[in-house]
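Given the coordinates of chain A, assemble chain B onto it according to the supplied hints.
In the order they appear, the protein sequences are chains A and B.
First residue of the first sequence: 11, per the working numbering; consecutive thereafter.
First residue of the second sequence: 25, per the working numbering; consecutive thereafter.
The set of hints was computed from the structure by calculation and includes no laboratory data.
Each computed PhoX-like pair below joins lysine-lysine, with the alpha-carbon atoms no more than 20 Å apart: (1) A:120 to B:90; (2) B:90 to A:370; (3) A:370 to A:120; (4) A:306 to A:450; (5) A:450 to A:440; (6) A:306 to A:440.
Please read these numbers as outputs of a predicted model, since none were measured by experiment.
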Amino acid sequence: MMGSARNEEIFAISVEDRVLLHAPLHRVTALVDQTGAAQIAAGLASNNPASNREIQSIVEWLRDKPDPAPVERSGPIDQPLFLGLIPTRGCNLGCRYCDFPADDSNEKMKLELARDAVDAYLDLILQSGKAECEIHFFGGEPFFAPAVVQFVVEHARMRAAHSGISLHLEATTNGYYPANVAEWIADCFDTIVLSLDGPADFHDIQRMTKNQRPTFEVVFENARIFSGSQIELCIRTCVTSKIASALPEIAEWFSQELQPATVCFETLTPSPQTEKAGLIPPDPWEFAREFLAAEKVLAGYGLNAVNSMTEIQSLQISCCPVGKDALIVAPNGRVDACYLLPESWEQRGLDMNLGQIRVKGDVPILELEETSVRRARGLNVNNKLRCAECVCRYHCAGGCHVNHPGDAPTGQFDELCIQTRIITIARLLKGLGQHDLASKWLGSRRAMEASVFQQSDFLSGETL
Amino acid sequence: MTGGELKLKVPDVVSWIRDRAQTLVVHEEGRQSHILIDEETALWGWLTCGYEYPELVRMLAVSQRKTEKEAEIQLESVLRRWLEGGILEVVEGESRG
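So here's chain A without its partners, still in its complex pose (with noise of 0.2 Å):
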């Protein structure tokens, strides 16, 4: 007899004949029959043992006590995730896809306002008992104010010298700048997320200077650099309709050329600017595919394949540093959740303003609105219902806030959904050697859309 409770930690997905069991607070991912499958939900609706063996195991693995799901931070802001620093929001390209307003927003970060900013955050590192910290920088583009990162980077290494904490440095960049920056960078900095989308002939379609100049050569010379030093080196590729399909190709040309860490590949926000550039994102279905093919490419090559919401190796509420208490610090010296603008969040509605740099005496202070804090480690995916149900829900946590609101009706998937679940689906019975599966399972879009327009995924004798 088929159980009818609903496990709303154990997740089941059609795939071809079979089903897939995800259950990532039991540590548990399974592939299984319909029949076993009815049995486990059957199994864990009454003590009654399966027949089975093997299905009575998994019964038992689900019976456990799950780890702890993520839950939302609390308290004041102890633990920080990173110090975020917005040297400028001006950059000196003009790439089509940017909806930054580059042009009009020159205003630099003032350096007294970076040291303090720097002092109150290692301050806070300190009286928290950590020994590590980590400093990013964001734009705009962070190189477009050179003296601010050259002075933080020297003042905070020496202050993070002088209290015995371990700093790390990351910036992410567009790499369009001259060759003895970039060997600057690649001796100082520990992590480099660099903005290159492919060889020149799909870098230049998207990413060129603000009078429409190619930037390839200038940013792939000093990829090179980048690609010959220590630094970890993060590549991370706006896929658009025009570039989709090359997935593959381009990821063959990276691991060749450039031997990165990681690829990241993360698909176009559409906005009116990508709009009026006729850069569209590009069909899910065809994303997810080329995705997939691309990663089995970067593996030959002993390289990782990211897309930032189908991680299934980590659970977590949010799949950014909203939520987790990074500390963003803006040119005008507010503290902020997002490195967004602000004009982003207002327009959905959001706040993610946390606070401000104050000094107080002579003494710096991360100046921080209780409730504010409050507010954005709300921006969670358990308060998002759409994914309520979702196998993703601990790995995607629902995508970005600002970009990817969460309100929509449970199960009804949008465009994001659709290739974050068929990622995480391929990902997860690759995951169990189930490659030949997997590779079917991509071929056929009836099969796909039977697994990624279930509305529930939670596993229930009355679905199976």
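Just chain B now, kept in the frame of chain A:
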């Protein structure tokens, strides 16, 4: 880099390597080495980025929470020591004194 009335540079025979806490500067011909720590390692970093004297004063003043006058006194003392140690040199023909 312009140091007040002189133009200074790092000689070609000087190389350096840094870790998280310090910078080791080596004069290859003189076989002398200098270990720079604290604000000296920061100053060396800014100097080798190509910042001019007034910018070094400003960065040092901000970093150390000093007045620019105090920072300038400190900077001059450090530069003098580096010149004496051979890890900085005056660019020939660039004296403005």
